[in-house]
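Protein chains: 2
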Amino acid sequence: MSTAGPAPRRRMRADARRNYERLLTEAGAAFAERGTDASLEDVARRAGVANGTLYAHFPTRQALLEALLGDRMRALAGRAHELMDHPSPHEALLLWARAAVAHATAYRGLATSLMRAVEDETSELHAACRSVLDAGEHLLGRAQRAGVTREDATAADLYALVNSVAWAGEQTSAAQAERLLSFAMEGLRPLGTVRPARGR
Amino acid sequence: MSTAGPAPRRRMRADARRNYERLLTEAGAAFAERGTDASLEDVARRAGVANGTLYAHFPTRQALLEALLGDRMRALAGRAHELMDHPSPHEALLLWARAAVAHATAYRGLATSLMRAVEDETSELHAACRSVLDAGEHLLGRAQRAGVTREDATAADLYALVNSVAWAGEQTSAAQAERLLSFAMEGLRPLGTVRPARGR
DNA sequence: TGTTAAATCGAGACAGTCTCAATATCTTTT
DNA sequence: AAAAGATATTGAGACTGTCTCGATTTAACA
Chain A
0 MSTAGPAPRR RMRADARRNY ERLLTEAGAA FAERGTDASL EDVARRAGVA NGTLYAHFPT
60 RQALLEALLG DRMRALAGRA HELMDHPSPH EALLLWARAA VAHATAYRGL ATSLMRAVED
120 ETSELHAACR SVLDAGEHLL GRAQRAGVTR EDATAADLYA LVNSVAWAGE QTSAAQAERL
180 LSFAMEGLRP LGTVRPARGR
Chain B
0 MSTAGPAPRR RMRADARRNY ERLLTEAGAA FAERGTDASL EDVARRAGVA NGTLYAHFPT
60 RQALLEALLG DRMRALAGRA HELMDHPSPH EALLLWARAA VAHATAYRGL ATSLMRAVED
120 ETSELHAACR SVLDAGEHLL GRAQRAGVTR EDATAADLYA LVNSVAWAGE QTSAAQAERL
180 LSFAMEGLRP LGTVRPARGR
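Sequence order for the protein chains is A and B.
With numbering that gives the first Met the number 0, letter number 129 in the first sequence gets 128, and the count goes up by one each step, no holes.
With numbering that gives the first Met the number 0, letter number 26 in the second sequence gets 25, and the count goes up by one each step, no holes.
For the record, the hints were derived by calculation from the structure and aren't laboratory data.
Do not take every clue at face value.
Derived, one-sided and incomplete: chain B residues facing chain A with beta-carbon distance under 10 Å [to be verified]:
1) L160
2) V164
3) Q175
4) M184
Over the 12 Å line for every Cβ pair with chain B, so calculated as not near, a few chain A residues [claimed, not checked]:
5) A31
6) G77
7) R129
The following label-pair restraints were derived from C-beta to C-beta distances [unchecked claim]:
8) A:G47 x B:D41: 35 to 43 Å
9) A:S38 x B:R129: 31 to 39 Å
10) A:A145 x B:N50: 53 to 61 Å
11) B:E177 x A:H80: 26 to 34 Å
12) A:P58 x B:S87: 51 to 59 Å
13) A:L190 x B:R129: 30 to 38 Å
Glycine included, every Cβ here is placed at the ideal spot set by N, Cα and C.
My request is simple: use the sequences and hints to build the entire structure.
In structure tokens, the structure reads:
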């Protein structure tokens with residue numbers, strides 16, 4: 000639950016702030032149990048508020064997701080920058096990808112929203128998605144410069160890969176997602192090289 | 000457009016048969032342009048039929064998909080069996096995976112349905128999905144016995160992989176899907192081996 | 001306490017899913 | 001060729017959901 004709030008130009012009225020927080024709480028709960036397609040009518044009901052109020056605060060579903068996840072996504076981007084110091088560029092990339100998958104699995108249906116939002120400039124989630132994609136690009140670039148990752152892989156590929164794996168995890172199990180991720184990340188190693196017998 | 004029809008215990012009435020075919024045609028068109036979430040009300044409208052008629056013929060959306068895709072899916076399974084004779088087990092697996100991705104990309108949203116249906120025994124699509132999964136298992140098994148594919152990969156992994164890639168393709172582009180597929184399939188090679196410099 | 005800007009309310013317009021009793025249509029039989 | 005019987009179609013209706021906007025309420029501040 001973020002404490003940042005909705006970018007208030009001036010301080011919000013007390014009732015507005017209260018409703019904003021309640022809506023966020025209930026939306027988080029609803030998304031957690033029903034996925035990102037949960038009924039917004041229901042969210043408003045659970046927050047004890049008319050649905051018009053929900054739409055006043057969050058004009059779109061993506062706005063709700065941004066409010067719910069924006070901070071965490073920026074933290075994920077930050078984590079990528081920290082990992083730039085990790086001794087093994089390939090390991091760093093794998094660790095970060097794993098974290099990104101975990102993030103994209105927060106709610107059922109989230110991977111789809113994240114994928115849509117990165118393309119759609121008008122989405123409230125767009126900026127957060129971009130920051131994640133850009134962060135991935137740094138890690139990927141370092142791995143490529145170190146010669147431990149295929150040159151033809153792009154940041155967009157990495158973003159799609161992470162979200163695809165998260166999507167698969169939503170449909171089946173976290174264990175399968177982890178296995179898929181390890182396959183795909185191994186597949187990013189350059190062709191014509193000997194791969195370490197232990198996948199680390 | 001299948002000519003198999005709806006498993007008629009006895010011959011269908013002429014009007015029923017006509018409506019069945021029309022519904023299938025329009026559903027195919029609607030799914031093609033709107034994805035698998037297209038409005039069924041609209042499908043019925045376009046077919047010039049009341050929506051109750053649609054539900055009489057196809058009790059669920061998945062029933063419609065089975066009628067539309069069942070034959071093609073069984074053909075895909077058949078293709079796997081043909082490929083068992085291919086000289087390169089790894090190449091055979093790759094070729095088949097590519098065909099499976101192409102199939103799962105027929106409609107936007109299809110990958111999700113295919114993933115759901117393989118888990119859900121009550122789905123009308125379940126049997127067709129199983130036959131695809133089982134077919135993949137044969138190809139995968141041969142590649143593993145030949146020592147060109149990781150032992151820890153399962154048929155479920157392959158199924159999930161193919162559908163994840165198809166999903167990514169839906170969200171972005173066929174080109175990116177192809178790249179993701181090639182990464183993942185390379186990643187299926189056994190650890191501790193030298194990989195060919197050209198991905199074939 | 002009165003004023004005012006801000007926020008909330010909730011009915012209403014619309015679209016979609018799915019069901020089922022009434023009705024219509026085809027097929028078969030005589 | 002008409003009636004009987006089986007089969008299929010109809011479309012209104014009960015839901016659930018999205019989203020908007022004019023009327024109303026409420027908090028903030030002098």
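Verification of the hints:
1. Hint on L160 of chain B holds. Least Cβ distance to chain A is approximately 6 Å, under the 10 Å limit.
2. With a least beta-carbon distance of about 7 Å to chain A, the hint placing V164 of chain B at the interface is held under the 10 Å criterion.
3. About 6 Å separates the beta-carbon of Q175 of chain B from the nearest beta-carbon of chain A, less than 10 Å, and the hint is met.
4. Taken as an interface hint, M184 of chain B checks out: its beta carbon lies about 7 Å from the nearest beta carbon of chain A, inside 10 Å.
5. For A31 of chain A, the condition that its CB be more than 12 Å from all CB atoms of chain B holds, with the nearest at approximately 20 Å.
6. The beta carbon of G77 of chain A sits about 26 Å from the closest Cβ of chain B, which is more than 12 Å, so the claim that it is off the interface holds.
7. Consistency note on R129 of chain A: stated as away from chain B, and its beta-carbon is indeed over 12 Å from all of that chain's, at 15 Å minimum.
8. Separation of G47 of chain A from D41 of chain B is about 36 Å and conforms to the stated range, judged on CB atoms against 35 to 43 Å.
9. As the Cβ distance of S38 of chain A to R129 of chain B is approximately 33 Å, the hint placing it in 31 to 39 Å holds.
10. Restraint check, A145 of chain A to N50 of chain B: a C-beta distance of roughly 59 Å satisfies the suggested window 53 to 61 Å.
11. Between E177 of chain B and H80 of chain A, the C-beta spacing of about 31 Å keeps the proposed range 26 to 34 Å intact.
12. Evaluation of the 51 to 59 Å hint for P58 of chain A and S87 of chain B yields a pass: the beta carbon distance comes to about 54 Å.
13. Range check, L190 of chain A to R129 of chain B: Cβ separation about 34 Å, and the 30 to 38 Å hint holds.
When each numbered hint is compared with the structure, no violation occurs for any of them.
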